[in-house]
Amino acid sequence: MTAIDVTPTGAAAPEHIPYEPPRQIRWTGTGLLLVFLAVFPLLFPNPAVTSIAVITMIFLVAAIGWNIFSGYSGYISIGHAAYYGIGQYTVALLAMHAKVPAGWDTFGLLPVAGLVCAVAAVPIGYVVLRVRRHTFIILTVAVMFILQLLAFNLVSWTNGSGGLEMSFPTWQGSYFNEPFYYVGLVAAVVACAASWWVRRSKYGLGLLSIRDDEDRARGLGINAARTKLIAYAISAFFVGVAGGLYAPFIGSVYPQFGFDPTFDLAVAVLVFVGGIGTLSGPVIGALLLIPLQQYFYLQFGNANLYLIAYGVLFILILRLLPAGIAPSVTQLWRRVLVARRRAAARSRAVPALAVQSSAVQSSAVQSPAAGPPEAPPATAAVPQAGGDEVAR
Amino acid sequence: MLVLQAIIDGILVGGFYALMAGGLTLVFGVMEIVNFAQGIMVVLGAYLSYALFTHLSIDPFLSLVITMPGMFLIGIAVYWSMIRPIKQDRVIMSLLVMFAVGTIAEGILDLVFTSNLVQISTPYVNNSFTVGSLIFPDIYVYAFLMSVVLLAGVYYLLYRTRFGRSLRASMQNPTAARLVGINTDWVSAYTLGIGVAMAAAGGMVFGLTNSFDAASSYDLISRLLAIVIFGGFGSLSGALIASVLMLVIQDVVAVVWSPTWGQTTFYVILILILLVRPQGLLGRKAVRAQ
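Those protein sequence lines, which keep their order, are chains A and B.
Taking our numbering, the leading residue of the first sequence gets 1, the next gets one more, and so forth.
Taking our numbering, the leading residue of the second sequence gets 1001, the next gets one more, and so forth.
Don't read these hints as lab results, they were simulated from the structure.
Owing to the predicted nature of the structure, the values given are computational and were not obtained by experimental measurement.
Take these hints with a grain of salt, some might be off.
Stated by the list, open to error - Computed spacing ranges between beta-carbons, pair by pair:
(1) B:W1186 - A:A48: 44 to 54 Å
(2) B:V1112 - A:L288: 29 to 39 Å
(3) A:E165 - B:Y1155: 46 to 56 Å
Positions of the beta carbon are idealized from the N, C-alpha and C atoms, including for glycine.
Looking at chain A on its own, in the form it has when it is part of the complex:
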């Protein structure tokens, strides 16, 4: 008998098959993507293209940040625009009162904006994280609207609905977008690193266990409140940085665009499409969807058709890839791998069994397994392979 155990249904007990592609593929892919993103503005220097690229980077940072909390903890926040807005106002107000000149110096304010958001997230998180599920979702929205109303009403600080103006840097128009793009790229890489750390660390394991079953996680000794609050603050930091990058790029801050109710839905859509709670999901989602969205917007030239097309696309993606692109692709990859190993195992196992007892063999192997090793695997085995996947 070979090492591979053949169960009566003909399904080989799979040896350990990893849930993600091997390290070489992942690192090569990441490296190629980074190189591509680094040279992108050199390849397409058209300002219309690079401005889309800057917006993409801003949403990329925000999506990775959002995913660190909502993806890993399972608490869906639709109120992270609160930190997007705080980040924008922090940068605009600091630039105004501390007389930071427009240009590279403004980017020095980004970590400050992030820190202000992280600090603000602690008391807010303390309140909103006391509740779960829907109530949590709605509370985050409520907090965001409170801040929006404050921005409207605290006229002496924020100039109310008049908004704040930021002076544009004096870079030449032809490469105006590039500094924003590269700063955004650096921020995205840092955010990715933070996301990777959270995902791999013992701390992150606690966070993921809260997503799967909070009560059981607490039973196992995880300080759920603190774990969630830390993730909430980290994610607020990156969303704040995204906001801090957006304000000088657009050159103005308004309450309704800073604390924008549609911002979070846009970010949530990106992450859901890419694959929520995964490291690569927000990246895939943002890099695919934002350019597509901008393309739709330019293509139709009509905001309403664009809304309809976007809504339909969103429903289609939810229907076809409910788990998101990244998990669906890995699942498919794993399924192929499992099927291939099974076919290989069968072709090795069958002759061995045939020697031992032909009577058992005829009932044990029902599928035509005597074919060549490359033969397509029995289709019935494929859904079974997917059955033992971890959800998401």
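Knowing the structure of chain A, use the given hints to seat chain B on it.
Showing chain B alone in chain A's frame:
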């Protein structure tokens, strides 16, 4: 006196907010989904009444005879085409799907009616009568009476009919309801229909008392969700009390302090209450999921 007037205004306006929020909370109670499209459904109801009034000069209150059944059918169609096919993680997925439905509806409404603000302007829209020194605008009084009648109808449906019993059973325990032979799918579909029809009625009043466009739905849905949380998810009586309280608080703060702080105060009170009572005023205590 101003405060008394504000309280009365709050109660009158709270009546039709109760209709819209009641639809939201019923849907949540039965199938645990947050109908994020309720805001745009209200606006759709308002636009339908507006179109019937401007093109066929049908009185808005009368137009409900047409719009409410129409919206009821839309609700059922949305359930079967959008909610029913969701296989996993219904709570979150349905929220996103309903958001997408809302986006599509917003696009269509903007295409058909353009994004100019409109208002249903019947001849009696500015009439009012006074009792002592208190002013009662006709339209708010009519709207309040209509809301009371419709809500009484919903209560009758819920507590005095066979369908209502099935609905409450599905609310309490969907699995057990299915076991005793209730078709929870159709109960859910009808509930979404009823919820959306209530939005149509509320929307008609909204269109009479506010100028609106498709983007008004964002403001509406955030208010409605706040009301529903305040009252407790899935509790109809909670939604009624919460809508009246919200509007009264808002109006009183507007009179005593400044109109700009009205809504902020409400949100602040909402958060303070949730710190003490996370399940809302009349909500059931959340049981452990699973």
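Now the hints, each set against the structure:
{"no.": "1", "hint": "B:W1186 - A:A48: 44 to 54 Å", "in the structure": "holds (52 Å)"}
{"no.": "2", "hint": "B:V1112 - A:L288: 29 to 39 Å", "in the structure": "holds (31 Å)"}
{"no.": "3", "hint": "A:E165 - B:Y1155: 46 to 56 Å", "in the structure": "holds (54 Å)"}
Taken one by one, the earlier hints all hold for this structure without exception.
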